[in-house]
Amino acid sequence: MNNIFEKLTNQMTEAIESGISLALHSQNPEVDNIHILWGLVTNTNSVLNQALNKMNVDKTAIELELKSAANNLPKSSGVTKETIKISRNVASSLQKAEAYATSLGDKYIAVDTWLIANLDDFKNYLGKYLDVMELKKTLEAIRGGKQITDKSGDENLEALSKYGVNLTEKALNGELDPVIGRDEEIQRMMQILIRKTKN
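One point on numbering: in this note's numbering, the residue at position 95 of the sequence shown is 82, and numbering is uninterrupted.
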């Protein structure tokens, strides 16, 4: 099982760490999938959060639902970071995600692979607020067929759409600035303006 933790992307590791802190706060002796889901929903940079934003889903309601579910799990008063354990559900979900990641040709287990591989288990918590199949499609669209080959793989999934501009899409929608692609005309205009300021 320890070997599987080395195959997690940074975002997935962060989600588990956030889950551990929620479990400690709720005095749960085991970290469950509920805790990890909460960690993903509360992380504004997570792939799940991006998908929920695209779907216009109320993240606060999901966050509260997961926190409430964590409070209803068995409690133990002497829980520390050293004594807390990973539940069988988490171990099973990571194994499913590893198998799914391998089928996609990924070298690491990303957030989207963990979510998609375990969507049936998460229906109880997410199904009230969104269409689970639509979430799967949105996660697949965010990935765009890319493979996760390093630990920061899921952080790079939306980099192009986040920091770039799709000129083809803008041209098709008639939103393209008419100045783009007119380098010669702009250069000639600059020469005329510079000449006028000199005179």
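Each hint should be verified, as a subset may be incorrect.
Taking CB as the label site, the calculated pair distances span [as the list claims (entries may be wrong)]:
no. : residue 1 : residue 2 : range
1   : GLU50     : GLU172    : 22 to 32 Å
2   : GLU127    : LYS62     : 33 to 43 Å
3   : LYS62     : THR0      : 20 to 30 Å
The set of hints was computed from the structure by calculation and includes no laboratory data.
For clarity, every value in this text was computed on a predicted model and none was experimentally measured.
We treat Cβ as the ideally placed atom computed from N, Cα and C, and that holds for glycine.
The hints, checked one at a time:
For GLU50 paired with GLU172, a C-beta distance near 52 Å fails the hint of 22 to 32 Å. Taking 33 to 43 Å as the suggested C-beta distance range, the pair GLU127 and LYS62 conforms, at roughly 37 Å. Take LYS62 and THR0: their Cβ atoms lie about 26 Å apart, and the range 20 to 30 Å holds.
Consistency note: the structure conflicts with earlier hint 1 alone.
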